[in-house]
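Q: First to last, the protein sequences are chains A and B.
Number 153 in our numbering belongs to position 145 of the first sequence; there are no gaps in the numbering.
Number 5 in our numbering belongs to position 2 of the second sequence; there are no gaps in the numbering.
A portion of the hints provided could be inaccurate.
What the hints assert, rightly or not - Below 30 Å or equal to it, Euclidean Cα-Cα: the simulated DSSO-like pairs (lysine-lysine) are: (1) A:Lys39 <-> B:Lys217; (2) A:Lys44 <-> B:Lys224; (3) A:Lys125 <-> A:Lys150; (4) A:Lys36 <-> B:Lys158; (5) B:Lys217 <-> A:Lys36; (6) B:Lys224 <-> A:Lys45; (7) B:Lys217 <-> A:Lys44; (8) A:Lys45 <-> B:Lys217; (9) B:Lys164 <-> A:Lys98; (10) A:Lys71 <-> B:Lys217.
Quick caveat, the hints were computed from the structure, so don't treat them as lab data.
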Amino acid sequence: MYGLKQAPRQWYERLSSFLLSHSYERGKIDKTLFIKKSCSNIILVQVYVDDIIFGSTNENLCKQFFTTMQGEFEMSMMGELNYFLGLQIKQLNHETFLSQTKYCKELLKKFNMESCKESATPMATNCYLDSDDKGTSVDQTKYRGLIGSLLYLIASRPDIMFSVCLCARFQANPKESHFSAGKRILKYLQRTTTVGLWYPTNVSLNLVGYSDSDFAGCKIDRKSISGTCHLLGSSLVSWHSKKQACVALSTA
Amino acid sequence: MNFDEANPVMQERHETYADYESPIIQQTGTELENKTEETSVLPEIQSTEAEDQSAEQGVTDRISSDLPKEWRIPRNLSLDNVIGQVQKGVSTRSTLNQFCEHMAFVSQTEPKTVADALEDSNWITAMHEELNQFARNEVWSLISRTSKMNVIGTKWVFKNKLDENGVIVRNKARLVAKGYNQEEGIDHGETYAPVARLEAVRLLLAYASMNRFKLYQMDVKSAFLNGYIDEEVYVSQPQGFGRSQVSQSCLQAKESNVWLETSA
Numbered sequence: 009m010y011g012l013k014q015a016p017r018q019w020y021e022r023l024s025s026f027l028l029s030h031s032y033e034r035g036k037i038d039k040t041l042f043i044k045k046s047c048s049n050i051i052l053v054q055v056y057v058d059d060i061i062f063g064s065t066n067e068n069l070c071k072q073f074f075t076t077m078q079g080e081f082e083m084s085m086m087g088e089l090n091y092f093l094g095l096q097i098k099q100l101n102h103e104t105f106l107s108q109t110k111y112c113k114e115l116l117k118k119f120n121m122e123s124c125k126e127s128a129t130p131m132a133t134n135c136y137l138d139s140d141d142k143g144t145s146v147d148q149t150k151y152r153g154l155i156g157s158l159l160y161l162i163a164s165r166p167d168i169m170f171s172v173c174l175c176a177r178f179q180a181n182p183k184e185s186h187f188s189a190g191k192r193i194l195k196y197l198q199r200t201t202t203v204g205l206w207y208p209t210n211v212s213l214n215l216v217g218y219s220d221s222d223f224a225g226c227k228i229d230r231k232s233i234s235g236t237c238h239l240l241g242s243s244l245v246s247w248h249s250k251k252q253a254c255v256a257l258s259t260a
Numbered sequence: 004m005n006f007d008e009a010n011p012v013m014q015e016r017h018e019t020y021a022d023y024e025s026p027i028i029q030q031t032g033t034e035l036e037n038k039t040e041e042t043s044v045l046p047e048i049q050s051t052e053a054e055d056q057s058a059e060q061g062v063t064d065r066i067s068s069d070l071p072k073e074w075r076i077p078r079n080l081s082l083d084n085v086i087g088q089v090q091k092g093v094s095t096r097s098t099l100n101q102f103c104e105h106m107a108f109v110s111q112t113e114p115k116t117v118a119d120a121l122e123d124s125n126w127i128t129a130m131h132e133e134l135n136q137f138a139r140n141e142v143w144s145l146i147s148r149t150s151k152m153n154v155i156g157t158k159w160v161f162k163n164k165l166d167e168n169g170v171i172v173r174n175k176a177r178l179v180a181k182g183y184n185q186e187e188g189i190d191h192g193e194t195y196a197p198v199a200r201l202e203a204v205r206l207l208l209a210y211a212s213m214n215r216f217k218l219y220q221m222d223v224k225s226a227f228l229n230g231y232i233d234e235e236v237y238v239s240q241p242q243g244f245g246r247s248q249v250s251q252s253c254l255q256a257k258e259s260n261v262w263l264e265t266s267a
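Work out the full structure: start from the sequences and follow the hints.
A: What follows is the structure, encoded as structure tokens:
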């Protein structure tokens, strides 16, 4: 029943035991991924609470999965994956696109920036943000709303990650200068609303990771900021940017 | 859609939504007897008939001056004859078609309390739908209340579902338990549930794209009603749908452990 504290857990329990009883295997790391192999075919089932994404090398396995699920639970119709958690997904024969155009437009509308000027970069290279104690304060709720909305946009936009994370450090006491830096990101989004990720087909399946860091990039506490990204073949799947935990004495 | 069937509902709600309903009904060509007399003039129709009435009297052009040319009301029309908002301008049948279709079967308001919801037939239907889900999943059984029970309250949540154009397409009523009254060890044990990370979703997408297979999605309706809980939980009866007589037969154990207490 909705609202009970144990409800999500018990639902996961029910669904996973159902899938396991139908000879699906639970992922070792990702406990919400269920895999079934039969001969040379494989079916992958990813569960997000009550949303289920699935795909198989053999179309028949998909249909079979759908009918078994329908026999146990009341399901909505099976449809091609095109909108999931705010991500717009376009699956074509030779490639897949991932974008958050709709979300981005709504975000601009929410902050009354639909008709703002465009900017080519999310942040100036000489941008210097500090706590700015003398500056005038801005509405904390609005600033946090902006940061929160931008953080969700990072799901398909690694390009704004650094600048959003930089702005996010001043949420406790936001000033005019921080808010204008946030607005600058929105101006960049105005120009790049439709930008997203591109996943091509026919590439080798090898995982490549890159990492880099600056030296004493944070002007306030002289800590370095490092970033990583991981590519599966040539598709970007994971990225992060984070201020290091301690003061580094060298870049090595 | 058959408008003859829908007519009673439309008329019934006519007072509240007169602003946008009346022009629609006119345009879609339905015959609403009670309205035909006074509503014979609409902005669209007027423009075609403007020539015939050009030399009329009793005119107002208070609004017409600041509107675009094509929206202006001909000078020879009294404003009393105009139904709906003049500022809305011309709307075509095709755009209103969708809007009109749902209008008759879906409530346009979101009630704040159960009492409000119970006054609207559409919301009552929505609440019945939700309660049927409970019955179908055999979520609970009715027992009488004792002093030992820690009874958790329930609450109705009313939400209108919109489509891409922002038109209300569905009234959704959901019955939820006030989980904040639950105590650990008595009403619930472990509560952690794993949820997929976005990285995992992206990895799956990349993998699918690489191996050239399509991904599909579906969702489970009222997912949380499907779970079996291990603890015994007592909830109060849904507001507005309570039964007062005690039925002892419901005490026998079912798959679920949610018990309803009777209000009597």
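Q: Under the constraints set out in the numbered hints, which ones does this structure not fulfil?
A: Hint check: 4 fails alone, others pass.
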